[in-house]
Amino acid sequence: AQSVAQPEDQVNVAEGNPLTVKCTYSVSGNPYLFWYVQYPNRGLQFLLKYITGDNLVKGSYGFEAEFNKSQTSFHLKKPSALVSDSALYFCAVKTGGGNKLTFGTGTQLKVEL
Amino acid sequence: DTAVSQTPKYLVTQMGNDKSIKCEQNLGHDTMYWYKQDSKKFLKIMFSYNNKELIINETVPNRFSPKSPDKAHLNLHINSLELGDSAVYFCASSQVGLANTGELFFGEGSRLTVL
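Order-wise, the sequence lines are chains G and U.
Just so we're aligned: 81 in this note's numbering is position 81 of the first sequence, and the numbers increase by one with no gaps anywhere.
Just so we're aligned: 193 in this note's numbering is position 80 of the second sequence, and the numbers increase by one with no gaps anywhere.
Since the hints were made in silico from the structure, they are not lab data.
Ideal Cβ positions, reconstructed from N, Cα and C, are used throughout, including at glycine.
One or more of the hints may lead you astray.
Rough simulated footprint, nothing fancy, chain G against chain U, three-plus residues with beta-carbon under 8 Å [unchecked claim]:
{"id": "1", "segment": "137-145"}
{"id": "2", "segment": "149-162"}
{"id": "3", "segment": "192-200"}
Chain G residues, not near chain U, derived (Cβ > 10 Å throughout) [to be verified]:
{"id": "4", "residue": "Ala1"}
{"id": "5", "residue": "Gln45"}
{"id": "6", "residue": "Leu56"}
{"id": "7", "residue": "Leu113"}
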């Protein structure tokens with residue numbers, strides 16, 4: 001079985017400050033890890049992924065995530081938050097060759113002026 | 114051009130009715146999915162088709178029946194609608210193969226409200 005946990009329902013950050021959205025995973029075998037973002041009344045959009053290689057992955061809109069195998073984590077980060085980053089963020093995991101992508105429960109990010 | 118398109122975007126209906134949601138993708142992908150997002154925003158996979166063949170069928174009531182006439186289309190038919198079926202249903206697609214990395218492309222969602 002594979003699963004992801006997003007321990008925070010909501011994260012509040014002031015604009016210009018760094019942000020972190022946490023994700024831990026559980027999977028048999030090598031994980032493929034993803035972050036998606038959902039804006040209100042929209043579908044999910046792909047942000048970034050870790051498959052193999054460098055543990056620090058850079059994605060869209062200045063976001064990055066760090067794969068930590070020992071801590072089974074894949075936290076999403078951004079050095080300087082924007083109000084427009086406010087959205088619902090989902091972490092997801094699958095195993096190599098598998099078709100099923102399992103999503104976390106989502107973390108609502110709120111960036112305030 | 115919209116990559117993954119779903120219709121209708123909104124659907125309000127009475128309990129007991131039968132309704133369908135249609136999905137089309139123009140990305141040339143081999144695999145399509147239906148996900149259900151409930152009122153708490155939890156996202157759960159329902160079905161997946163690869164080249165018109167059902168490959169994932171989660172624990173979903175038999176009232177839900179997907180149909181894939183070709184690899185670019187995946188429709189969802191729901192019989193005898195219940196209050197608990199109210200949710201946003203997302204269609205998605207991905208390219209499956211040795212280089213598959215699982216990146217999904219989502220439609221905008223179809224909000225179903227059962228009264």
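Status of each hint after checking the structure:
1. 137-145: violated (count 1)
2. 149-162: holds (count 7)
3. 192-200: Coverage by chain G is violated here, the residue count being 0 at a Cβ distance below 8 Å.
4. Ala1: holds (13 Å)
5. Gln45: violated (7 Å)
6. Leu56: holds (17 Å)
7. Leu113: With a cut-off of 10 Å, Leu113 of chain G remains clear of chain U, as the shortest Cβ separation is near 25 Å.
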